[in-house]
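Protein chains in written order, with the working numbering: chain A, 1 to 244; chain B, 245 to 645.
Be aware that a few hints might be false.
Here are the computed lysine-lysine pairs in the DSS-like style, where the Cα-Cα straight-line distance is at most 27 Å [to be verified]:
| id | chain 1 | residue 1 | chain 2 | residue 2 |
| --- | --- | --- | --- | --- |
| 1 | B | K564 | A | K84 |
| 2 | B | K259 | A | K136 |
| 3 | B | K549 | A | K114 |
Note that these hints are calculated values from the structure, not bench results.
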Amino acid sequence: MIKMNNINKVYQTEMVQTHALRDFNLEVEQGEFIAVTGPSGSGKTTFLNIAGMLEPFSSGTYELDGIDVGKLNDNQRADLRNQKIGFIFQGFNLIPDLNLYENVEVPLRYRGIKSAERRKRIERCLELVGLGARAKHLPQQLSGGQQQRVAIARALAGEPRFLLADEPTGNLDSLMARQVMEILEEINREGATIVMVTHDPELARRAPRNIQVVDGQLADFSLYQGAPNKEQTAGDIAARAAEA
Amino acid sequence: MLELKPMINALLRSKIGAVLLLIQVAITLAIVSNAAFMISDRLTYLNQETGYDEEAIFSLSVSTFDPSINLVQQYAQDERDLRAIDGVIDAAMTNWMPLSGSGSSSSMHLVPNPEIGTGVRAAYFTTNEHMLNTLGAKLIEGRNFYPEEVVHADNYDKLPNTTIVTKDFAEELYPDGSALGKVLYQGEDAVEIIGIIDTIKGPWLNDSRPANVVIFPFNLSQPRAGFLVRTEPGKRAQVMAKVEELLLKSESRRVFYGIEGLDESKASYLARDTLVMRMLVVLIVVLVLVTALGIFGLTLFNISKRTKQIGTRRALGARKSAIVRYFLIENFLVAGLGLLIGAALAVLLGQQLMKVFSLPSLSFTFVLASAVFMLIMSLVAAWGPALRAAKVAPSIATRSI
Chain A
1 MIKMNNINKV
11 YQTEMVQTHA
21 LRDFNLEVEQ
31 GEFIAVTGPS
41 GSGKTTFLNI
51 AGMLEPFSSG
61 TYELDGIDVG
71 KLNDNQRADL
81 RNQKIGFIFQ
91 GFNLIPDLNL
101 YENVEVPLRY
111 RGIKSAERRK
121 RIERCLELVG
131 LGARAKHLPQ
141 QLSGGQQQRV
151 AIARALAGEP
161 RFLLADEPTG
171 NLDSLMARQV
181 MEILEEINRE
191 GATIVMVTHD
201 PELARRAPRN
211 IQVVDGQLAD
221 FSLYQGAPNK
231 EQTAGDIAAR
241 AAEA
Chain B
245 MLELKPMINA
255 LLRSKIGAVL
265 LLIQVAITLA
275 IVSNAAFMIS
285 DRLTYLNQET
295 GYDEEAIFSL
305 SVSTFDPSIN
315 LVQQYAQDER
325 DLRAIDGVID
335 AAMTNWMPLS
345 GSGSSSSMHL
355 VPNPEIGTGV
365 RAAYFTTNEH
375 MLNTLGAKLI
385 EGRNFYPEEV
395 VHADNYDKLP
405 NTTIVTKDFA
415 EELYPDGSAL
425 GKVLYQGEDA
435 VEIIGIIDTI
445 KGPWLNDSRP
455 ANVVIFPFNL
465 SQPRAGFLVR
475 TEPGKRAQVM
485 AKVEELLLKS
495 ESRRVFYGIE
505 GLDESKASYL
515 ARDTLVMRML
525 VVLIVVLVLV
535 TALGIFGLTL
545 FNISKRTKQI
555 GTRRALGARK
565 SAIVRYFLIE
575 NFLVAGLGLL
585 IGAALAVLLG
595 QQLMKVFSLP
605 SLSFTFVLAS
615 AVFMLIMSLV
625 AAWGPALRAA
635 KVAPSIATRS
645 I
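Model the full assembly from the supplied sequences, consistent with the hints where possible.
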């Protein structure tokens, strides 16, 4: 699904050069659910932006679903984002002047889906996140958890192969966070690939696979006992790193 | 791909800025279309054909203060002197100057006083057989005055009995046939129309009938008199420069003044109207600029307010062109509605102006043309900000602030 080879990302300002990602390598298989953890400034968000084609990388290759992203122009990247990726943002990023129905509709309109088909998908997705009855409400009339569920419905409406979640529970209390997480797990069971960036160890522990970004690189698991396995969590790695 | 419905819904949900802009656009259109119409009306007036070669004709006036001078003889001498100047085509003595704003007018009737009959008002010149040639007026029917028809006098004891009129006057007085050979009355005095000339304007361009002009063969020699002189092309300035000195040679006990080209007389007569028109032009330009700035500012404000939203839209698959289109269409909707309301306002304002200032009624073409112009202007004003919006990086969506 995702194949990143020696990805580098350098931010250049007049004074300094910042290496946000350094020879970053990652493969994600179809159907995986991965939690990406790491300290602030480690390059998590840069990784997410590059994975989601929200910003270009400086060197290396990135294949998404077999497509070499580096060779695409701006329009092609926009189209690919629209077709393959569902985004879930920390701040929900709903459009405040649009009601829930219209918010979920946004990516479908960009894809040029006909009105009847749009209606079907929007109603199904809002139903799925338990907000079918509130389609005419505006985002500000909803709680944070409900807003994030709308954002999930928006991400799902395009039936993406790949969901990118950026701290999806970062702005939610623990109860709402659990609800959102349950929805994500459900989606994953139905076959979607999910990459979730989070700094919440508990949340990360629930994901079948964990990776940690430190200083713009995947943390070198070989330092620790054995290769990372599915049970290994960011919290464990951090604890062991502290011991070492 | 057109997002009209959600766009309209979104506009309706946060409408204050849009409504303010809409009002501004509407008011601007109402004022601009009326001002443009008034400018066009003024321009027609300012650029009206006068019937003269204004750059070849000049006037001069004389004031004679010695009562012992025989004015009839002196003025005849002056005319001869003027015609003898190199470059002068012809010269004629006259009571008033065309296009100057000063003149005499009188009602000409089909029947003598006190009978009641049709009368038409006309400006009149008292002059002689050289006047037509001096003015460059074109005779359409009939003939010029014979020299012996011209009354040379310093009083009103004997009056002329012929006249030459403009076709405009002739058609108004005799709408159903030729006026040539007909008799008309100024009070009780009868004159026969012996010639009809093509349109020339009298002293007042702002008259409701500026081309109603009647010419009498009457060289009235009074202490104050005026002359019109026509020169060959390009020679007027040099003639004007030496004319005073030359005429003073034959008789120095008098003063010449008002040596002025016909185009100059016209310009000073029209100075106020020209000024009003220029002010209207400035008003329009300022109004349109202010509105354009308003549109520019509001679009820019909307964009900076919605940076996150734009980034999110880009992340969700909007191409740059879709973002540009979004803002242009949004602007088009607001401006379009403003223009519709503005068109209605323009018509209402036009009706009021017509009533209060007796202006001609506003032609809808002007409203339409102003609206189209303003629509284009609004798109141009929104274009830059919309392009800027398209440059918002999709990665804005993942920033937490």
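Here is how each hint holds up against the structure:
| no. | hint | verdict |
| --- | --- | --- |
| 1 | B:K564 - A:K84 | 19 Å, holds |
| 2 | B:K259 - A:K136 | 18 Å, holds |
| 3 | B:K549 - A:K114 | 30 Å, violated |
Violated hint: 3 only; the structure is consistent with all others.
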